[in-house]
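Enquirer: My request is simple: use the sequences and hints to build the entire structure.
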Amino acid sequence: MEQLFQQIINGISLGSIYALIALGYTMVYGIIKLINFAHSDVYMLGAFVGYFSMTTLKLGFIPSLLLSMILCMIIGVVIEKVAYKPLRNATRIAVLITAIGVSLFIEYTTMAIAGAGVRAYPQMPEFLTGTYKLGSINITMQQVIIVIVTIILMVLLQFIVKKTKIGKAMRAVSLDSDAAELMGINVNTTISFTFALGSALAGAAGIMVGIYYNSINPLMGMLPGIKAFVAAVFGGIGIIPGAMIGGYFIGIVEVLVSGYGNSLYRDGVVFAILILVLIIKPSGLLGKNIREKV
Amino acid sequence: MKKTISIILLIVLTMTLITGCGGGSTKNDDVIKIGINYELTGEVASYGQASVDGIELAIEEINAAGGINGKKIEAVKYDNKSDKSQATTLATKLMTQDKVVAVLGPATSGAFKATIPEAIKNKVVVASGSATSDEVTVDDKGVKEYAFRICFTDSYQGTAMANYALNNMNQTKAVVIMDNSSDYAKGLAANFTKTFEAGGGEVVATEAFVAGDKDFNAILTKIKGQDFGVIFLPGYYEEAGLIIRQAREQGIDTPILGADGFGAPELTELAGADALNNVFFSSHFSSLDKDPSVAGFIENFSKKHGKEPDQFAALGYDLAMFLADGIKRAGSTDTVAIKDALAATKDFKGITGSFSMDENHNPVKAVVVVGIENGVHATSERVAQ
Numbered sequence: 001m002e003q004l005f006q007q008i009i010n011g012i013s014l015g016s017i018y019a020l021i022a023l024g025y026t027m028v029y030g031i032i033k034l035i036n037f038a039h040s041d042v043y044m045l046g047a048f049v050g051y052f053s054m055t056t057l058k059l060g061f062i063p064s065l066l067l068s069m070i071l072c073m074i075i076g077v078v079i080e081k082v083a084y085k086p087l088r089n090a091t092r093i094a095v096l097i098t099a100i101g102v103s104l105f106i107e108y109t110t111m112a113i114a115g116a117g118v119r120a121y122p123q124m125p126e127f128l129t130g131t132y133k134l135g136s137i138n139i140t141m142q143q144v145i146i147v148i149v150t151i152i153l154m155v156l157l158q159f160i161v162k163k164t165k166i167g168k169a170m171r172a173v174s175l176d177s178d179a180a181e182l183m184g185i186n187v188n189t190t191i192s193f194t195f196a197l198g199s200a201l202a203g204a205a206g207i208m209v210g211i212y213y214n215s216i217n218p219l220m221g222m223l224p225g226i227k228a229f230v231a232a233v234f235g236g237i238g239i240i241p242g243a244m245i246g247g248y249f250i251g252i253v254e255v256l257v258s259g260y261g262n263s264l265y266r267d268g269v270v271f272a273i274l275i276l277v278l279i280i281k282p283s284g285l286l287g288k289n290i291r292e293k294v
Numbered sequence: 001m002k003k004t005i006s007i008i009l010l011i012v013l014t015m016t017l018i019t020g021c022g023g024g025s026t027k028n029d030d031v032i033k034i035g036i037n038y039e040l041t042g043e044v045a046s047y048g049q050a051s052v053d054g055i056e057l058a059i060e061e062i063n064a065a066g067g068i069n070g071k072k073i074e075a076v077k078y079d080n081k082s083d084k085s086q087a088t089t090l091a092t093k094l095m096t097q098d099k100v101v102a103v104l105g106p107a108t109s110g111a112f113k114a115t116i117p118e119a120i121k122n123k124v125v126v127a128s129g130s131a132t133s134d135e136v137t138v139d140d141k142g143v144k145e146y147a148f149r150i151c152f153t154d155s156y157q158g159t160a161m162a163n164y165a166l167n168n169m170n171q172t173k174a175v176v177i178m179d180n181s182s183d184y185a186k187g188l189a190a191n192f193t194k195t196f197e198a199g200g201g202e203v204v205a206t207e208a209f210v211a212g213d214k215d216f217n218a219i220l221t222k223i224k225g226q227d228f229g230v231i232f233l234p235g236y237y238e239e240a241g242l243i244i245r246q247a248r249e250q251g252i253d254t255p256i257l258g259a260d261g262f263g264a265p266e267l268t269e270l271a272g273a274d275a276l277n278n279v280f281f282s283s284h285f286s287s288l289d290k291d292p293s294v295a296g297f298i299e300n301f302s303k304k305h306g307k308e309p310d311q312f313a314a315l316g317y318d319l320a321m322f323l324a325d326g327i328k329r330a331g332s333t334d335t336v337a338i339k340d341a342l343a344a345t346k347d348f349k350g351i352t353g354s355f356s357m358d359e360n361h362n363p364v365k366a367v368v369v370v371g372i373e374n375g376v377h378a379t380s381e382r383v384a385q
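Those protein sequence lines, which keep their order, are chains A and B. Residue 63 in this note's numbering sits at position 63 of the first sequence, and the numbers go up by one each step. Residue 256 in this note's numbering sits at position 256 of the second sequence, and the numbers go up by one each step.
Do not take every clue at face value.
Just a few of them, taken from the derived set where beta-carbon distance is under 7 Å, the chain A residues facing chain B [to be verified]:
#	residue
1	6
2	7
3	10
4	14
5	110
6	118
7	120
8	138
9	213
10	255
11	258
12	259
13	263
14	264
Note that these hints are calculated values from the structure, not bench results. The model shown is predicted, which means the values in this text are computed figures rather than measured ones. Using N, Cα and C, we set each Cβ at its ideal position, and we do this for glycine too.
Expert: As structure tokens, this is what we get:
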């Protein structure tokens, strides 16, 4: 029983990371119907920005987190302006291929600059390395911080989307961008803002992964990116609460499969879930079936 | 287009001319020529350069002591640029044009294997100090007659570490956590399990991960509830570092054993010095080794090259000494006689341990087990088979 609790705690911290990345996928999909493959590389860049701000600039955790979120925000907006905006009226497949191209470009540019090897994060201060014991259950301070930061960011995101003017604009564009434009909403600004929000969350996930696992490399975004995408599809792509639920679900499933089944089936089970979701309920857990009117 | 074709033709013609002439060159009988075919540039240049540093020190010492059977050694050194096909071309060149009696190198298993067909064709020995992949010297068709190595194989380390756990640590219950995406780790795990269970031990759980994984908490939580005394962790430092760190964070403080994949300074960075305690791994060579010949080697090496030798340098040194010993016993520079003498090597005393050649041209030698405390290499002992 205690082992089950321990495994669920492990799963929640892993799921938090997936959820943060999945939010970026889902928001961008919701607004321009694009699966932004470069998103997982923004997450990787977040980890590298955090690394350099801690080693070269010698900043603490919170300033590094903010710096990494801000820089990722800028990178996300630049990617959108340079790569996706000129293709606004192109076919969806053209944009999708561009997204893959951007992803590869970021990965290998980083590799050329920072090298392909694994880097270890610097030694963390005392308040980040402690371990709490509840009976025989261990909770590390890093796990606590990951979950707390994730919850704060999600609450903030809900607030922005539901209560602010720009959030209302996002929802309007996602519902019908042409109609939104006719109502006087600046669609381009809204799309940029969506990229900025999603990228900032990915940046936060990147730096927290760096602290938690202590190992980063230029291709670290690939697998978590795909899993976060599965999480977004599972929850219903385009739906923000769906991405959060999906992220935690995938995290916990992974941990339980390795913990009680065979650790080698972990990734297989995650992708089997994706296939099942696509067969049984293609719109995802929280998705609504929208009939297209002819 | 026409110009390109004529240039290619010209090159081809020149090359045939060169090879044609090569056969006619006369042998210089005053020296023994040895070929050096190593990675001096390219991605694994650090392995190749260190090996050559060791080889050159050995040749210098042999020549200073009067050479072999009165003849001095002359090294013909080429850079294969860490490229397999280049390595093969150079091996051919060394054997057919430079008329060397044997070729040393390359350092990595893949490149070394690529030169073996040439060795068999030309009946000239090739020997490597660091090609550890299991099937280098032997395949389904049997032993590759002209290929030798003086390092133990990847999977032999699994056997050695199982014996270390059983006999030196007196452990009978082990957990194996292996990298399932590399043949290296799978071979190690299979041999460890076989030897450990044959010796009366029990592997209570075998867990697996794939290269690139970062979160091992699930499998560590799973094994935490079990009764075991030691963890065997075959894999490379990228994942091993993270596993050690996460295991210690979870409160698992049993000894952790690994293989030569742990021998990189990055292991300390990834695991953190505080977590890196009670960790032991097998290695070819340790500068902590108490053997007097090791101290002498380190001193001479530092004097010549201005740096501390690593395991590749030590293996390179032993490799050249091993070949010299073979030529001496063969009593001639006939390449077939040298091959037979090398195959019959018995109790050769090297700084990476003394060894005899087995029927598969692999050395039977002790493994050096290095212990890490607080992130630094603290102890070393030789563990015989």
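Enquirer: Could you tell me which of the hints above the structure violates, numbers in ascending order?
Expert: 5
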